[in-house]
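**Q** Residue numbers (my numbering), protein chains in the order written: chain A, 1 to 430; chain B, 1001 to 1317.
These are computed hints drawn from the structure, not numbers from a lab. The structure presented is a predicted model; accordingly, all values stated were derived computationally and were not measured. All C-beta atoms, glycine included, are put in the ideal place defined by N, C-alpha and C.
Dumping the calculated DMTMM-like pairs for lysine to aspartate or glutamate here, alpha-carbon to alpha-carbon at most 20 Å:
{"id": "1", "chain 1": "B", "residue 1": "Lys1182", "chain 2": "A", "residue 2": "Glu194"}
{"id": "2", "chain 1": "A", "residue 1": "Lys198", "chain 2": "B", "residue 2": "Asp1010"}
{"id": "3", "chain 1": "B", "residue 1": "Lys1118", "chain 2": "A", "residue 2": "Glu311"}
{"id": "4", "chain 1": "A", "residue 1": "Lys198", "chain 2": "B", "residue 2": "Glu1207"}
{"id": "5", "chain 1": "B", "residue 1": "Lys1088", "chain 2": "A", "residue 2": "Asp271"}
{"id": "6", "chain 1": "B", "residue 1": "Lys1118", "chain 2": "A", "residue 2": "Asp405"}
{"id": "7", "chain 1": "A", "residue 1": "Lys198", "chain 2": "B", "residue 2": "Asp1202"}
{"id": "8", "chain 1": "A", "residue 1": "Lys128", "chain 2": "A", "residue 2": "Asp181"}
{"id": "9", "chain 1": "B", "residue 1": "Lys1118", "chain 2": "A", "residue 2": "Asp390"}
{"id": "10", "chain 1": "A", "residue 1": "Lys27", "chain 2": "A", "residue 2": "Glu13"}
{"id": "11", "chain 1": "B", "residue 1": "Lys1088", "chain 2": "A", "residue 2": "Glu314"}
{"id": "12", "chain 1": "A", "residue 1": "Lys284", "chain 2": "B", "residue 2": "Asp1202"}
{"id": "13", "chain 1": "B", "residue 1": "Lys1118", "chain 2": "A", "residue 2": "Asp271"}
{"id": "14", "chain 1": "B", "residue 1": "Lys1088", "chain 2": "A", "residue 2": "Glu311"}
{"id": "15", "chain 1": "B", "residue 1": "Lys1118", "chain 2": "A", "residue 2": "Glu314"}
Some but not every residue of chain B turned toward chain A, in silico, with C-beta under 10 Å:
{"id": "16", "residue": "Leu1087"}
{"id": "17", "residue": "His1106"}
{"id": "18", "residue": "Ser1108"}
{"id": "19", "residue": "Ser1109"}
{"id": "20", "residue": "Gly1110"}
{"id": "21", "residue": "Tyr1113"}
{"id": "22", "residue": "His1133"}
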Amino acid sequence: MSILLKNGSLKGEKNVDILIEKDLIVKVAPGNSIKDDKAEVFDLTGLIVLPGLVDLHTHLREPGREDAETVATGSAAAARGGFTAVHAMANTLPVADTAGVVEQVWNLGRKVGLVDVYPVGAVTVGLKGENLAELSAMAESTARVRIFSDDGFCVSDSILMRRALEYVKAFDGVIAQHAQDPRLTQNAQMNESELSGKLGLTGWPAVAEEAIVARDVLLTEHVKSKLHICHASTAGTVEILRWAKEKKVNVTAEVTPHHLFLSEVHCQSYDAKFKVNPPLRTDKDIQELRKALAQGVIDVVATDHAPHPTEDKEGEWSSSSFGMTGLETALSVVATAMVETKLMSWSDVARVMSEKPAEIGQLSDHGRPIAENELANLCIVDPKASWKVDAHDTHSLSSNNPFHDMTLKSKVVHTIFRGKFTMKSGQVQK
Amino acid sequence: MKKHLVSAHDLTAEDAVLVLDTAKELAQVSDRPVKKLPTLRGRTVVNLFFEDSTRTRISFEAASKRLSADVINFSAKGSSVSKGESLKDTAQTLQSMGADAVVIRHGSSGAPYLLATKNWIDAIVINAGDGTHEHPTQALLDAYTIRKHLKNNEGDLKGLKIAIVGDILHSRVARSNAILLKTLGATPIMVAPPTLLPVGIDSWNGEYSYDLDEVLPKVDAVMMLRVQQERMNAAYFPTTREYSRNFGLNAQRLKTMQKHALVLHPGPMNRGMEITAEVADSTNSVVIEQVANGVSVRMAVLYLLLGGTNNESGENN
Ligand SMILES: [Zn+2]
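The following block holds chain A by itself, in its conformation from the complex (with noise of 0.2 Å):
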């Protein structure tokens, strides 16, 4: 049966009617135009229509820590979030550093098949940050990796982080950078500020970050490859990239929405749930953020979505684990912070969530235009909605999300993947 969306606004800048049949849209055509008795038919009035949101950065658990999320859990949480594909990151158990777990991993998603599973491979054997794994039979691999990040540990050996970029080269691969220096972050707990002294948690600097940033554009360029930064956190990074872009190196970077929304002073309470690596930053850092993004100086908006059981989350602040939940607020977080303020517009989401990650991960079936003949991965929106988190209302395993009890406009309402409804009225369809 066909499926007939009527008079939804394309990335809010026109209405239009779209008929999808099997997986494809067929048919765009001006709003309230098309008639179809034997399509099912949902009037989009008053609602955004964007292609379906891409992550770049999404950790998904599974193989390994089921306790926390799976694949299935995982796919359940991003269709909620107007995803329809996902990258999900090395660090499971065992880590994705061979065909094999790569492979597990892209069928684990075809199984489940609620969003397209894009396993990223790890560039060292077991994230050690000393030998490559095997790049090459990930990238030859039916799971068809191009993307390759330690995502969690940092390539931080400058020889080892030179041959990783020179040597994906070969299959149009790019290494995917979590910019830490280990040693100046050495049990660091939250960004070192005044704020880091009073509370008494060991500092995480901003040049701990910067630094590598630094070194990996200038690597970059020299070897002539392509670098991704990953969850970029400070105003100095920004600078940095700008200034690579002015010389044209082959660098791209992501923020998270956390980044864009938080900042440090939640620390104060102790809670860990607010606790995440890289940290949550100072306000002059999240401006500086929102205004790379809406300059495209920062490409993307990925999640570093990090489950993580409860116990691991409600205890103190120092053994505490890293990171937050993120696939089901990202939407909303990105149009709180850009779209509500004026920064960027619902075309610039689309981008920013969904074409510009796809061309990152080189995913043809994703971030295509909403036009005749395009696979039907769609992300609809109310933009007038205000909700306000419940972080226990979720498909996630794990309920670390820091928007807990926030208030967020926008949310997404439908999400087709290949011509299926994944969510529909807010249900996601398994």
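Fit chain B with the ligand to the known structure of chain A by using the hints.
**A** Chain B with the ligand in isolation, oriented as in the chain A frame:
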């Protein structure tokens, strides 16, 4: 007063002076042949120590017993309690045991704050030192000691300059003292090599310096902080000898201080490192007295928080 004592920030100037005045009254108990008051009879004070500190624990234990409270020592160190959940579990155990006050010492900054704010227990929470955060009763006993000698055991500390010397970065004693001294009208001066001062020290209440010799002549008291063994191997300073040469308090330096100036140390001392034996045992030194004052001040805190007097929140437990 606030219900809990987690940070020196929890005390207004009036609160702090009330604690010191109460400690002065209660100090007389310690001079009696029968060192006991019936005030807290039937109340239960739990010493919850996740970190070894015999000195602090014994001080709180003595304070509780002199007020006739029942004391339970709960040492959680070395057991399975290294991971998060257990703080909550432990708290709930104490709740079911009917604890009226929990004195908590924890290696993780903020643990007492969580205990006080998470609704796990009804008991009042007293911070006996958390990570590199705070140690408010130590600051109170230091203030008490200073006031006794320099302010005739009355009022606040207005006009006094107090140097705090050593590992400010990692010291909970320094943090609480910086806050409380300021609250009481004194001016704290942090003295350390730049590596041992936290980022943002410029915005702390007070002054700071890298030069002990320049500071000593103008202060009324100097608090020497213990240099932890683990700092000595982490490039905070080149050698212990160089540290000692620049930041150790020796007899020669003591001579440059004002006659009335006091020497304090929260203990235990590294004699020969941050303080020489000669200075520690000099007439300016009040280190031994600090221990006795610690008991009085902790009695006062327990008395005021548990006694139900002057309790703004109206909670009498
Ligand atoms: Zn990361």
